[in-house]
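There are 2 protein chains.
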Amino acid sequence: MSQHAPAVTPDLFWQTMSAFQQSAALKSAVELEIFTHIGAGKASATEIAEASGASERGVRILCDVLTIIGFLTKDSGNYQLTESTAAFLDKRSPMYVGSAVEFILSPAQRRGYDELTNAVRNGGSSVSGEASMDPESEMWVNFARNMAPLMFPGAQMLAEHIGFEADRQLKVLDIAAGHGIYGIMVAKKYPNAQIYGADWNKVLAVAKENAEKLGVADRYHTIPGNAFESDFGTGFDVILIPNFLHHFDTPTCESFLRKVNSALADGGKVLTVEFVPNEDRVSPPPSAMFSLVMLAATPGGDAYTFAELKQMFENAGFSQNEIVALQPMPQHLIISTR
Amino acid sequence: MSQHAPAVTPDLFWQTMSAFQQSAALKSAVELEIFTHIGAGKASATEIAEASGASERGVRILCDVLTIIGFLTKDSGNYQLTESTAAFLDKRSPMYVGSAVEFILSPAQRRGYDELTNAVRNGGSSVSGEASMDPESEMWVNFARNMAPLMFPGAQMLAEHIGFEADRQLKVLDIAAGHGIYGIMVAKKYPNAQIYGADWNKVLAVAKENAEKLGVADRYHTIPGNAFESDFGTGFDVILIPNFLHHFDTPTCESFLRKVNSALADGGKVLTVEFVPNEDRVSPPPSAMFSLVMLAATPGGDAYTFAELKQMFENAGFSQNEIVALQPMPQHLIISTR
Chain V
1 MSQHAPAVTP DLFWQTMSAF QQSAALKSAV ELEIFTHIGA GKASATEIAE ASGASERGVR
61 ILCDVLTIIG FLTKDSGNYQ LTESTAAFLD KRSPMYVGSA VEFILSPAQR RGYDELTNAV
121 RNGGSSVSGE ASMDPESEMW VNFARNMAPL MFPGAQMLAE HIGFEADRQL KVLDIAAGHG
181 IYGIMVAKKY PNAQIYGADW NKVLAVAKEN AEKLGVADRY HTIPGNAFES DFGTGFDVIL
241 IPNFLHHFDT PTCESFLRKV NSALADGGKV LTVEFVPNED RVSPPPSAMF SLVMLAATPG
301 GDAYTFAELK QMFENAGFSQ NEIVALQPMP QHLIISTR
Chain L
1 MSQHAPAVTP DLFWQTMSAF QQSAALKSAV ELEIFTHIGA GKASATEIAE ASGASERGVR
61 ILCDVLTIIG FLTKDSGNYQ LTESTAAFLD KRSPMYVGSA VEFILSPAQR RGYDELTNAV
121 RNGGSSVSGE ASMDPESEMW VNFARNMAPL MFPGAQMLAE HIGFEADRQL KVLDIAAGHG
181 IYGIMVAKKY PNAQIYGADW NKVLAVAKEN AEKLGVADRY HTIPGNAFES DFGTGFDVIL
241 IPNFLHHFDT PTCESFLRKV NSALADGGKV LTVEFVPNED RVSPPPSAMF SLVMLAATPG
301 GDAYTFAELK QMFENAGFSQ NEIVALQPMP QHLIISTR
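Residue numbers (this note's numbering), protein chains in the order written: chain V, 1 to 338; chain L, 1 to 338.
What the hints contain is simulated information worked out from the structure, not anything from laboratory work.
Be aware that one or more of the hints could be misleading.
Copies of the same chain look alike in the list, so a pair counts if it works inside one copy or between any two.
As the list claims (entries may be wrong) - Below, in silico cross-link-like pairs of lysine to aspartate or glutamate (DMTMM-like), each with a Cα-Cα straight-line distance of 25 Å or less:
(1) LYS74 / GLU308
(2) LYS208 / GLU136
(3) LYS91 / ASP11
(4) LYS189 / GLU279
(5) LYS188 / GLU322
(6) LYS213 / GLU138
(7) LYS74 / GLU279
Isolated chain V (complex conformation):
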């Protein structure tokens, strides 16, 4: 055995088996606003416990665990936020993203993992049909409300990549708009753009709230309903498909992209946001891991490679397809034209 051979240990097994405990600790910390209290100057377990209305034993153990994971530092019994924790998990920060735990760790999302063995057996989740395709389901409202903050950096970058002149009149369709952030960022960048958000009615209420907050409500229009059945209309200069295709199998994506094509104006562009792994499907980790989310949540979705996406777009009549990283987000942007 070479000097540098890794030791044969069950450590990775133990760590991975226990990893769910870290997710639970993080969720509790967000729910009790532990990071916000520490950011506001509460340092000891006693002080943090008092501020959060929780027990000292509970807070001490939780903060020790958050220190071990790397969200806090600890010195002589006093806890402090790391720079990243202060930026993203202190509620007073404009970049606060903590609410995402309420979607990612919601019972509806977790159920797919409780039944993961069956999903592997059967080739897909049986969970999806119930929640994700039901127009009255709260699932996508939860997504729209709690995941929006994580979307801002990617949405801003997407708007930078549209590449039309700044003052051009644009008719923009945002498919499965959700929180509406992608379309809204396009509206911010293009003052003469009219945005049409398509999604379930309940979800569009969240998009409209966000359009209001961000000052573009007068240019924000809605197309309620199932994206596969709605009449989008025609003549769109820009069509956004953010984080949508991965929920569906290849034939469904292709037929949907044909519908998208028929809604696009001459010279128009389709901008698709996706988790795109490399051809090996195991790198880079954040994109490649996303296939598991789709196995747990959908009957036939996937994290598609660029070759696969390109083929779908070509089959739907888009001959030019370009891929751009949306760093620091794990997603990529695919820009497609006829």
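Place chain L on chain V using the hints.
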């Protein structure tokens, strides 16, 4: 900002929030015996799917995720076990520990994490009373059946540290014996030792099975019942307290150790196995993280520091207390004498 300052990113947040997905993937892999099939030479997703009676899509996504986590390697679509995976997760290996997922990720264990925010608020779990102190509960039977393989290395090391002459007559009490492995390893090392396993009756059935399998059944005796109420008898040369004290608060531990003291023979030794963090309570990670398990599962247990354990033992009449690492296990052994 210095050149080496870590980037301010939500990456750790995202990773930790999604960590539960990795636990679920591992559990499914164990349940479908994916590692065993790969160990037996099935290499492609198609072959593994066929051998495990699962779908190709499900197996491909699962194996990609197991590759990303580090359990497998992947080359041209063919998966292989790492050396550690072959040793610990292929069922044909004598060191197989995969069954531990059935305890650590059982609904009973996970419920404590579903209610973790309440446990932090209230200072302890409300889950414990129901399952862990009920003599008819299947929870400790599950523990005894599925966690035994993980205990062998530590139990063997414990036996090495007893330090009596090899042929001495020993009367050994194994408290909350569970799978019985600690006492059984002492019986293997000391051919003239008589072992008395104390635990719930249902759990002792597993210990007796293991004593039978390992050839020491004729020297294995049982003391059924609640360890706080049972009459242990007296005159024990060795008393084992493996992974027991952490479930209880300090006053409960101290009064229990007084009971242990009264069962010990002159010149006897108490050997306690515990997760013992350093005084900072955040290192080393595997021991320090264990406090969370106790927060989620018990009303007042903890991963106690050596200073705390020493104080408990001193208060219970043990003046000599020595601590020994049980590496490569994360636990420590505390050897106490009057």
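Status of each hint after checking the structure:
Only between protomers do LYS74 and GLU308 lie at most 25 Å apart by alpha-carbon distance; the minimum there is 20 Å, versus 47 Å within a single protomer. With identical chains, the CA atoms of LYS208 and GLU136 are at most 25 Å apart within one copy only, with a shortest distance of 18 Å there and 55 Å across copies. Within a single copy, LYS91 and ASP11 get their C-alpha atoms only as close as 35 Å, which misses the 25 Å cut-off; across copies the closest is 17 Å, which meets it. In this assembly of identical chains, LYS189 and GLU279 lie within 25 Å of each other by CA distance neither inside one copy nor across copies; the values are 34 Å within and 54 Å between.
For a Cα distance limit of 25 Å, the shortest separation of LYS188 from GLU322 inside one copy, 24 Å, qualifies, whereas the shortest one across copies, 67 Å, does not. Proximity of LYS213 to GLU138 under the C-alpha cut-off of 25 Å is restricted to the intra-copy arrangement: shortest distance 22 Å within a copy versus 54 Å between copies. Only between protomers do LYS74 and GLU279 lie at most 25 Å apart by alpha-carbon distance; the minimum there is 12 Å, versus 42 Å within a single protomer.
Hint compliance for this structure: hint 4 alone is broken.
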